[in-house]
Structures are given as structure tokens and as C-alpha cells.
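A.B. asks: So you can see what is in the structure, the chains are spelled out below.
Number of protein chains: 2
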Amino acid sequence: MAETFKELERAERDSRWPRAAILDAAHFNADGLMPAIAQQHDSGEVLMMAWMNREALDETLRTGRVCYWSRSRGKLWRKGESSGQQQHLRSASLDCDGDTLLLRVDQTGPACHTGRRSCFYVALEETGARITSDPLIDPDTLYQKP
Amino acid sequence: MAETFKELERAERDSRWPRAAILDAAHFNADGLMPAIAQQHDSGEVLMMAWMNREALDETLRTGRVCYWSRSRGKLWRKGESSGQQQHLRSASLDCDGDTLLLRVDQTGPACHTGRRSCFYVALEETGARITSDPLIDPDTLYQKP
Chain A
1 MAETFKELER AERDSRWPRA AILDAAHFNA DGLMPAIAQQ HDSGEVLMMA
51 WMNREALDET LRTGRVCYWS RSRGKLWRKG ESSGQQQHLR SASLDCDGDT
101 LLLRVDQTGP ACHTGRRSCF YVALEETGAR ITSDPLIDPD TLYQKP
Chain B
1 MAETFKELER AERDSRWPRA AILDAAHFNA DGLMPAIAQQ HDSGEVLMMA
51 WMNREALDET LRTGRVCYWS RSRGKLWRKG ESSGQQQHLR SASLDCDGDT
101 LLLRVDQTGP ACHTGRRSCF YVALEETGAR ITSDPLIDPD TLYQKP
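So the protein lines, in turn, are chains A and B.
Position one of the first sequence corresponds to residue 1 (the UniProt record's numbering), numbered consecutively onward.
Position one of the second sequence corresponds to residue 1 (the UniProt record's numbering), numbered consecutively onward.
Bound-form chain A, shown alone (with noise of 0.2 Å):
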């Protein structure tokens, strides 16, 4: 599997190689899973990062809607379920080793659990840790009961 990413090192730029033996090559971790960013593909903002299984990869490229790996709760995660703020994909790169995933997405909304547009709100700063951003929403009405 690590060969074909060394392969791809002096790929280049456009020439194109199977998806599926690419997508078999690449490398979850010992739980099955990858990490995955997500970006917002015009504004450049870094808007989460969370976990994808195979299963959860491949549903994402073949709906357009990203699918994640809760590890919490043990099941796919279909980002906006629950929340109704949903991410559309708008490309997916793997990196050098084929271990991490970016993923440029259209966010609808807030992408992080406290309804903040992303979950990155804790500086460390020199004169101490600072918030750096509101909820658009209130997380409760985020996540209505029913």
C-alpha cells in the first residue's frame, strides 16, 4: 500500500490513476479510521476536523454529502443529521502518505456542536487562552428535542 503513495511522489501534475486503487491503498489507522479536515472551499476557513472509515469515505464521494465516523457514538454520522447544517463536497485530497484526508466543502451554517461557524475557537495566546468567536446559533436550538 505505501508503494503506490511513493509512486505518486513523481506523479505529475493532471496524470491521473485509478480511484479505487488509490482509495485501497490509502491508510486507516488501527480503529479503521482517517482523519479528514474540513474546509470551507471559498472563504479558506479551516471548519472542523473529525474521522472517516472506509464506509464513510465512500458514501461521501458517491453523494456529495459528507459522511463521517462518529467515534462517540460508534456509527456514521451523516454531518447535519441532528443539526440540519449540513456539508456538501466540493473536492477531497489525500495527502503524500494517504493518511489524512481534505476535504473543501460548501458549510451550511455553523460546522462546530456549539453553533460557532468552526470548532478552531481557542487561541493560545501569549497573555492567555482567548475565545475567539460567538455562536451564530444557540446550540440549543441547534439541537431541538423532539
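Any given hint could turn out to be false.
[To be verified] Sample of chain B residues with no beta-carbon within 12 Å of chain A, all distances over it, derived:
| id | residue |
| --- | --- |
| 1 | T4 |
| 2 | G74 |
| 3 | K75 |
| 4 | L76 |
| 5 | E81 |
| 6 | H88 |
| 7 | S91 |
| 8 | A111 |
[Stated by the list, open to error] For the chain A half of the interface with chain B, some residues (derived, Cβ under 7 Å), not all of them:
| id | residue |
| --- | --- |
| 9 | E9 |
| 10 | I22 |
| 11 | I37 |
| 12 | C96 |
If you are wondering where the hints come from, they were derived from the structure by calculation, not from laboratory data.
From the three backbone atoms N, C-alpha and C, an ideal C-beta is built for every residue, glycine too.
Starting from the structure of chain A, add chain B where the hints point.
C.D. replies: For chain B alone, coordinates are given in the frame of chain A:
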């Protein structure tokens, strides 16, 4: 530890918290590591994802030069120590769960060991996987044997 990040969920924008307490509450995995995403601060390009232990994070925050933990070499990895392609820290943020870092950096030259600017160059497209960039520098030049 999880309680600290739970408390931050409702914290107001620009509120400040003791940095040491936040770092102590941050969640490193069973191997003592946390994923760190490096993003070029001005262009927004996501350059790479690597891992940090607490020591690497402390050093990065203290020196402003990004230091990861190399899982393959089992030691601290001061980015650019062999290639010369350093990462200078502009800002660092933890996510809502305190288990992932986003580093906004100023990257000298290529971030990728293949000589490419970004490690994410294997796009998963419908018609196949496609190589999306060429090296800026020949990797044989990047890692010259002494």
C-alpha cells in the same frame, strides 16, 4: 479535563482563560499525541497535518517555530531541520473538544517532503485520482546527503 472545554463552550468572545489550565485540559490520545493542521496564514492553503505531543506544543508556543513529534522517527521534529523549509507560527487554536490543533503558519517554500507546497495533492475525482501540483523544489535537492 473535558469539563474545562465544556465550560468554554458558553464563554463569550474575547474572554480569556489561563493558558496553562487550558493546555493541561487539552486531550492528547493514548500515544500522547494530538493532530495539528498547518495552514498558511495569508493564503489559507492547508499545507499538512502532523502530530504533536505536549513537549512539541510547548516548544512551538515558546519558540514560535513549529515542532512536531515524528511518529516514524520517535522524536521531536523541528520542521525544516533537515530540509531548511521551516514553519513559523502566527497563531495556534484548539478546537471545541480540545483534541485538535489548528496552526496558522508562515511556511518557507514547500511543506511537503516531495517538494510540493502542500501535502494534499492527490485529488479523489470521479474520473480517477489526479495529481494536483508539481514540486517547487526537487526533493533530492531538499534533502541533500551531507
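A.B. asks: Does each hint hold? Answer for all of them.
C.D. replies: Here is how each hint holds up against the structure:
1. T4: 10 Å, violated
2. G74: 17 Å, holds
3. K75: 18 Å, holds
4. L76: 19 Å, holds
5. E81: 18 Å, holds
6. H88: 15 Å, holds
7. S91: Since the minimum Cβ distance to chain A is about 6 Å, S91 (chain B) lies within 12 Å and the statement is violated.
8. A111: The claim is violated: A111 (chain B) sits with its nearest Cβ about 10 Å from chain A, within 12 Å.
9. E9: Interface hint status for E9 (chain A): holds (5 Å vs cutoff 7 Å).
10. I22: Interface hint status for I22 (chain A): holds (4 Å vs cutoff 7 Å).
11. I37: Since chain B brings a Cβ to about 6 Å from I37 (chain A), closer than 7 Å, the hint holds.
12. C96: 5 Å, holds
Comparing the model with each numbered hint stated earlier shows that hints 1, 7, 8 do not hold.
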